[in-house]
Structure formats: structure tokens, C-alpha cells
Amino acid sequence: MSDASAGLTIHAADACRWDLVSLGEVMLRFDPGEERIAGARHFRVWEGGGEYNVARGLRRCFGRRTSVVTVLADNPVGRLLEDLMREGGVDLSHLQWVEYDGIGREARNGIYFLERGFGLRGAMGMMDRGHTPISQMKPGQVDWDGIFAGEGVRWFHTGGVMCALSAEAPAVAREAMVAAQRHGVVVSYDCNYRPSLWKSAGGRQGASDVNRMLAPFVDVMFGHVGDLAAVLCDASHGAPWHSYESYGEMATRVCQEFGNIKVIATTTRRPKTANRNDWGAFGYAGGRVCESIRFDDLEVLDRVGGGDSFAAGLIYGLMEAKGLQWALDCGVAHGALAMTTPGDSSMATLSEVERVMAGGSAGVQR
35 MSDASAGLTI HAADACRWDL VSLGEVMLRF DPGEERIAGA RHFRVWEGGG
85 EYNVARGLRR CFGRRTSVVT VLADNPVGRL LEDLMREGGV DLSHLQWVEY
135 DGIGREARNG IYFLERGFGL RGAMGMMDRG HTPISQMKPG QVDWDGIFAG
185 EGVRWFHTGG VMCALSAEAP AVAREAMVAA QRHGVVVSYD CNYRPSLWKS
235 AGGRQGASDV NRMLAPFVDV MFGHVGDLAA VLCDASHGAP WHSYESYGEM
285 ATRVCQEFGN IKVIATTTRR PKTANRNDWG AFGYAGGRVC ESIRFDDLEV
335 LDRVGGGDSF AAGLIYGLME AKGLQWALDC GVAHGALAMT TPGDSSMATL
385 SEVERVMAGG SAGVQR
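In terms of our numbering, the sequence shown opens at residue 35 and continues consecutively.
One should not assume that every hint holds.
To be verified - Distance ranges between label pairs, derived from CB positions:
1. 185 / 154: 19 to 27 Å
2. 335 / 238: 25 to 33 Å
3. 321 / 179: 17 to 25 Å
4. 72 / 131: 32 to 40 Å
5. 154 / 179: 46 to 54 Å
6. 138 / 389: 41 to 49 Å
7. 140 / 72: 24 to 32 Å
8. 48 / 230: 41 to 49 Å
9. 218 / 138: 39 to 47 Å
10. 71 / 228: 17 to 25 Å
11. 154 / 47: 45 to 53 Å
By construction, these hints were calculated from the structure, which means they are not laboratory data.
We put the CB at the ideal spot given by N, CA and C, even for glycine.
Let's have the full structure, built from the sequences with the hints guiding it.
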């Protein structure tokens, strides 16, 4: 199936087992609610991970068939993560397990804590993800040809978070992307720069080097404006990239350098307080820039996962051949709704997304 508005050729759904397969780490998130981490005595737990969140959003909100390639240590925390992922509806047939040595010296499941923040106190996350099983994954560990050709996949998604986990991780991602490209599977990649993950691996420049190495295998590139400007363009150029014209200039430069990239989708959010920000997106395909619907004063309960939900909505729109503008609006509406509920993952329904896209109010639905 071809979506001429975005220049993508996507395998027919009835020829594939999966609409989307993602590659990435899944962690257990500890949420102290309205408390600070240091003073909390009760935590609610969720599963979460940038690449996984996209697969979950596509499954739960948009009803697509999704699977995740990831690795967990076989202990009660790993089994809890498995249970949470099963609730999310994402297929786990490509989940790999490694033996747990009893104390986590060899491999341990990743966890993280997140304060949502309020007002002038910003959200704050603390990662505890050293020696995780997926950070030890090496090329050759996954039969990508069996997944992409044998089972059939329409879309593959991974990103910069996965690639920051270890020195080997970019090679794992590259192996998967090359295999996907070989079998005509659309590849999307989210730059998703995280300073804490790249601190000991070259910082922004290290992330830039990896992302530029992988860019030739990408069809659809995601990222915040700062990610794309600094990672794929000359960071010293100095343009803010927040206007229609400057975004078009940036996207044109990227696509001129990497002719394989057909779509660039970029969220823009300007926090006013921890629970209020502007929210919107730009998209670029075929030399044309689209600007999404915008929320100038979006109330935020939990901002984590908004970008992943944006990606899920945009992918859904492109899969359904609804055109770049519709897909962009869908992604922004889905991301906005995701930030009104706790946890990394979307709890929205397709009807809610469409109502927001149509300008629906927050009045009670009876």
C-alpha cells in the first residue's frame, strides 16, 4: 500500500502478522504520586520504555497488532514487567529471558523513579538501569529475517534510548534496521536524546555520531526540535526551528543529506510550569511542511510518554493512508491525551483522539 502524501510504501496488512515491531528496553517505573521520591512511602508501578510505549499505544488506542523485542532478567520484577506488558496487549513472543544470579551482578531489570512535578517544581526522573539484559544484547542474538520476512512486519521502530544503553546497542539497532530495509519494512527512529544516558558516552556529540550512522537506514525520523537540529544538522547554525519557515529549512537540509528519509516529524513543547505547556508538531514530507493543531496552554498531569504517544498516532495515520496532515494531528491529539493520565503509556481511545482532533471540549460525555 502506498501513501503518496508521505512517499512511503507499506506492506499490506493481510500479508503481515505484525503492523509494528519495536526494539527497546522496558523498565519498571515507580511513581510517588504527589510526593517527593525521598519522602514517599508508597509507590505505584507501571511499565515503560520509549520504543515499547509506541507499540503499546498503537495496540491499545489504535487496535494495531504490535510486538516488542526486548530482554528481561528472570526474577519476580521481570515477571511483573511481563504481566504489565500483557495487560498492555503487546505481543511478547519475541521477549527473551536471561538467568538471574540472585543479586543482579550479571544482569538486573531496569527501574526508574519519576516525580511529576508541579508549578515551578519541574518533573524529575532518576534512572537505575545499569547491567540490564538488553544493554548486553549483541548482533546475531535476534533472527530479524525470521521476524521481518517469515512472520511479516509492516513497520519497525527503535530509537536513541535503545542506542544509548551500551557500546554494542547501536550495532544491534543497525542490524535490525538493515534487515527491515532488506525486506521492505518501513523503519522509524526517534532521536530521543537523554543526557543522563549519554553522559559517559560522548554526550550530545556521541548521540549525534550514532544517529548520523543510523540515519541512512531510516524512513521516518522523530525527535524534538532540539534533537533534530543538533543531531542531524549543524548545531551552531543557531536557528530556533520553532517557526514554519525555519523548520522547513532544517527538514530540507536533513533530507538533502539523507535522501532515504521520507518523513520528519517533530514535536514542539514549551513548558510554562511543570503542569502547563504549549504542545504541537511540525511534519515534513516531499518538500512540504505541515503544522499540526496546537494547544497553547495544555494542562499536564504526567508529561512522560507524550512524545511516544505522538509517534504512535502519526504512525497509525500513515499506516491508514490518511495523509501527513491527518497523521500529524492524530499524533498531537494522542500525545496531549496521554499527558492527562498517569504513567508512560496512553490510556486514550481512538474516539477520544478523533474528538480532540475535531476540536471537542472536555465536557462530560454521557
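Status of each hint after checking the structure:
1. 185 / 154: 19 to 27 Å: Violated, at about 49 Å.
2. 335 / 238: 25 to 33 Å: 30 Å, holds
3. 321 / 179: 17 to 25 Å: 34 Å Cβ-Cβ, so the 17 to 25 Å window is violated.
4. 72 / 131: 32 to 40 Å: 33 Å, holds
5. 154 / 179: 46 to 54 Å: 52 Å, holds
6. 138 / 389: 41 to 49 Å: 45 Å, holds
7. 140 / 72: 24 to 32 Å: Holds - the Cβ-Cβ distance for residue 140 and residue 72, about 30 Å, lies within 24 to 32 Å.
8. 48 / 230: 41 to 49 Å: Between residue 48 and residue 230, where Cβ atoms are some 43 Å apart, the hint holds.
9. 218 / 138: 39 to 47 Å: Once the Cβ atoms are compared, 41 Å apart, the range 39 to 47 Å for residue 138 and residue 218 holds.
10. 71 / 228: 17 to 25 Å: 18 Å, holds
11. 154 / 47: 45 to 53 Å: 47 Å, holds
Of the hints listed earlier, those the structure fails to meet are numbers 1, 3, in rising order.
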